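Those sequence lines, one after another, are chains A and B.
Per the numbering used here, the very first residue in the first sequence carries number 1; after that it's consecutive.
Per the numbering used here, the very first residue in the second sequence carries number 1; after that it's consecutive.
It should be emphasised that the hints constitute simulated quantities derived from the structure, not laboratory data.
Please read all numbers here as calculations on a predicted model, not as lab measurements.
The C-beta atom is built at its ideal place from N, Cα and C for all residues, glycine as well.
A few of these clues could be false.
Claimed, not checked - Okay, the calculated bits of chain B under chain A, using three or more residues with CB under 8 Å as the criterion:
| hint | segment |
| --- | --- |
| 1 | 12-19 |
| 2 | 32-41 |
Stated by the list, open to error - Per the computed footprint, the stretches of chain A lying under chain B, defined by three or more beta-carbons under 8 Å from a beta-carbon of chain B, are:
| hint | segment |
| --- | --- |
| 3 | 19-26 |
| 4 | 51-63 |
If you want the building blocks of each chain, they are given just below.
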Amino acid sequence: MRIPGKLLFLAGMLAALGVGWVGFPLAIYKSRPQPVDFSHKVHAEKAGSSCEDCHAFRADGTFSGIPTLDKCAGCHAAPMGATVVEKKFIEQYVTPNREPQWASYARQPENVYFSHITHVKAAQLKCEQCHGDQKSNDKPRLYQEDRISGYSRDIWGRPSSRVPLRTEGGMTMGDCVACHRERGLEHSCLDCHK
Amino acid sequence: MHTTRRDLFKFIGGSAVGALFTPAPWRLITDTALWSENWPGIPRPARGEIKTKFTNCALCPAGCGVRARCVGEQPVSLAGVASHPLSRGALCPFGLAGHHLPYHPERVKAGDAQGAAAAVREAVAKCAGNERIAVLDLRPGRTASWTYRRALAGVKNGLYVAAPQPLGGWAVDLAKARTVISFGVPVLDGWGTPGNVLQARANFRLVQVEPVQSRTAILADEWLQVEPDVAAATAIVKERAANGPVLVLADWPELLALNQPGETIAPRQEAPVPDSWKTAAPVTELSDVPNASIRALLIDESVPGAYIPWSEIETKLVRDNPMVVAFGPSRAGYGRHARFTIPTPVYPELTDDIPPAVDCPGTAFRVSAPLLPPPGGVVSPADFIAGLGGLDAANALRERADAIHKSGRGAVFTYADAKSTPVKELQPDDFWKALNEGACWIGNSATMPARSGRGPALPREPRPLGSGHQDSGFTVVFTGSQPGLLVSPILSKLYQESNLRLARNGAVLHPDSARSCGVEDGSRAFLETPLGQCAVEVALDPSVPPGFVQVAAGPEVLDICGASLRARVVRA
Numbered sequence: 001m002r003i004p005g006k007l008l009f010l011a012g013m014l015a016a017l018g019v020g021w022v023g024f025p026l027a028i029y030k031s032r033p034q035p036v037d038f039s040h041k042v043h044a045e046k047a048g049s050s051c052e053d054c055h056a057f058r059a060d061g062t063f064s065g066i067p068t069l070d071k072c073a074g075c076h077a078a079p080m081g082a083t084v085v086e087k088k089f090i091e092q093y094v095t096p097n098r099e100p101q102w103a104s105y106a107r108q109p110e111n112v113y114f115s116h117i118t119h120v121k122a123a124q125l126k127c128e129q130c131h132g133d134q135k136s137n138d139k140p141r142l143y144q145e146d147r148i149s150g151y152s153r154d155i156w157g158r159p160s161s162r163v164p165l166r167t168e169g170g171m172t173m174g175d176c177v178a179c180h181r182e183r184g185l186e187h188s189c190l191d192c193h194k
Numbered sequence: 001m002h003t004t005r006r007d008l009f010k011f012i013g014g015s016a017v018g019a020l021f022t023p024a025p026w027r028l029i030t031d032t033a034l035w036s037e038n039w040p041g042i043p044r045p046a047r048g049e050i051k052t053k054f055t056n057c058a059l060c061p062a063g064c065g066v067r068a069r070c071v072g073e074q075p076v077s078l079a080g081v082a083s084h085p086l087s088r089g090a091l092c093p094f095g096l097a098g099h100h101l102p103y104h105p106e107r108v109k110a111g112d113a114q115g116a117a118a119a120v121r122e123a124v125a126k127c128a129g130n131e132r133i134a135v136l137d138l139r140p141g142r143t144a145s146w147t148y149r150r151a152l153a154g155v156k157n158g159l160y161v162a163a164p165q166p167l168g169g170w171a172v173d174l175a176k177a178r179t180v181i182s183f184g185v186p187v188l189d190g191w192g193t194p195g196n197v198l199q200a201r202a203n204f205r206l207v208q209v210e211p212v213q214s215r216t217a218i219l220a221d222e223w224l225q226v227e228p229d230v231a232a233a234t235a236i237v238k239e240r241a242a243n244g245p246v247l248v249l250a251d252w253p254e255l256l257a258l259n260q261p262g263e264t265i266a267p268r269q270e271a272p273v274p275d276s277w278k279t280a281a282p283v284t285e286l287s288d289v290p291n292a293s294i295r296a297l298l299i300d301e302s303v304p305g306a307y308i309p310w311s312e313i314e315t316k317l318v319r320d321n322p323m324v325v326a327f328g329p330s331r332a333g334y335g336r337h338a339r340f341t342i343p344t345p346v347y348p349e350l351t352d353d354i355p356p357a358v359d360c361p362g363t364a365f366r367v368s369a370p371l372l373p374p375p376g377g378v379v380s381p382a383d384f385i386a387g388l389g390g391l392d393a394a395n396a397l398r399e400r401a402d403a404i405h406k407s408g409r410g411a412v413f414t415y416a417d418a419k420s421t422p423v424k425e426l427q428p429d430d431f432w433k434a435l436n437e438g439a440c441w442i443g444n445s446a447t448m449p450a451r452s453g454r455g456p457a458l459p460r461e462p463r464p465l466g467s468g469h470q471d472s473g474f475t476v477v478f479t480g481s482q483p484g485l486l487v488s489p490i491l492s493k494l495y496q497e498s499n500l501r502l503a504r505n506g507a508v509l510h511p512d513s514a515r516s517c518g519v520e521d522g523s524r525a526f527l528e529t530p531l532g533q534c535a536v537e538v539a540l541d542p543s544v545p546p547g548f549v550q551v552a553a554g555p556e557v558l559d560i561c562g563a564s565l566r567a568r569v570v571r572a
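Start from the sequences and build out the full structure, keeping to the hints where you can.
Here it is, written out as structure tokens:
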């Protein structure tokens, strides 16, 4: 019995499509969990915190980004609740004064200028516009890093390749370009790139 | 089922076509491009909170105040401290790039400190009655210098040798001078405290006496292109004395003796030290050490200071197997001659104090507080040498600060708020804290002490300055005043490509001189003296007079020149 040539060609094509669309995205990224199962939801709902309480602007206008241990220890020097996550956090990080090695989903590459204060204060963008709705996030998702470029999956690639797939804004270059274009702010590469 | 090679090709062809409709090939192309932007060796800017720290530059005795912009704990740019009473807000190009030095490619980060300690102890044990265990301090007057002296007082046959101080240990007050006559001293090019010199410059007339058109000669009010002997130099000074106080700057005591003490020149003053330190070993000059008498020599070149040609040191070492240990951040200096090179912290990692500069007539005390932690494997020479003498000197700086505080004299200028606070109003802890967070103690108002009547001492055997051209070769003229200074590679590249600074292996000749010795512009040659030779790259410059060769004052050239200022240029 002989398989028709067209069928073999089609089989090869389907195999490549499967590998390219399913296998490749799984293989190109390596994943790792965050050091602490931090719950934005608990902090937003139970503690009534807003984004700015922890992710604040400094006096000179620079953005503090992920808070350092000092900030966390301000409230969690001793357990405030009875959760295992909090207990482990205090034991592993607060008591030995060891900074958790957070992986930043939103860290832009070195060739990008990004100013939070320009976008948040001047352009009045909400945090959710780029970072998504974190208030309902009960556990940090895996941090995924491109094995070749070393960039976070959230900041590199076409918006459609983001995980989880979102329709709102994001932090890829495509997202930035789309938003700037929408607002008539698309001037030159050097607006954002070094 | 029979599969042929043709079937395989059809499957592969289908796969290739299918792959084009997936993100894989396109993503691999872009990711590979991005990967090339992120080579492991590409430096990454530090991230973190922007902080400002203050310290004092330890790269030269000027000890300028430094304002460091830090990202997190990483200093990313250095600048001067505005309204600093001594450095006047300025910082030289070397100081501006000082934060690059921990990453210098020539830096040594590992050495056999334990082996060196064992070898020194063995040398101490073997030391005969007339032999010495010596420490050569290239920047005397520091707290570390006192530590060496204290430690050596407890070591059998210990000897503390200090490098000669600029201007023979005298300090000058540029603000008082109306005429400055410089005999080859690079007044406007790395001599003294840059900000202080520039501020005082408007008030004095500068007469530069040297055969080569140096940068100071270009900027001087008057350039005398001569190589005077003592009589001619005296005539030059007397001729200009009518215009007001004259300050004579020279490397030779015969000329320094032409100054009027108490007018523009005075003995350099030292900040107070604890009384218990005063039983330390005395200060000895290398010239006073008997030949072939040093069994073990420890050389501290951890901070840039004077450079003594190796031939002068070598004659003082015992003939049979002397032990030389060099403490420094690189092997470019005495490490070339030492059995052990022990790596030391480099500015801005080190903790050291800076004695008053040559143009600071008052007492001052500043601490170069570290902006970065030193890497593992480096050793503080003060700790090493204190250990040999069984001395605990870990708190020496604090003890010195307490002694200064106890004296109750002077005021502290703090850099963060530009305020001057009398020492009497501070607690000892606050004084110490201020010194470590960027401050300068000034013991008095930088006025000249009363006339003492005694000027710089004349040498025992006056040395004629005129070289006389009695032998073959050229007169060597040095440029640069910091032979042992580690310079940021990026800075030295910019300097050299713009011809602002002579490279360490550069030799500049007049075209006629070059022709006479058969070398051309850009050619390789050897600078040759009876002590040896070193490779140089020749550059031609008509502003260098015939019969002279201008070279950078690097350790290799200084070693082969020794006390002689004559050298031949030989085609390689």
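Hint by hint, work out which the structure violates, then give me just those numbers in ascending order.
-> none
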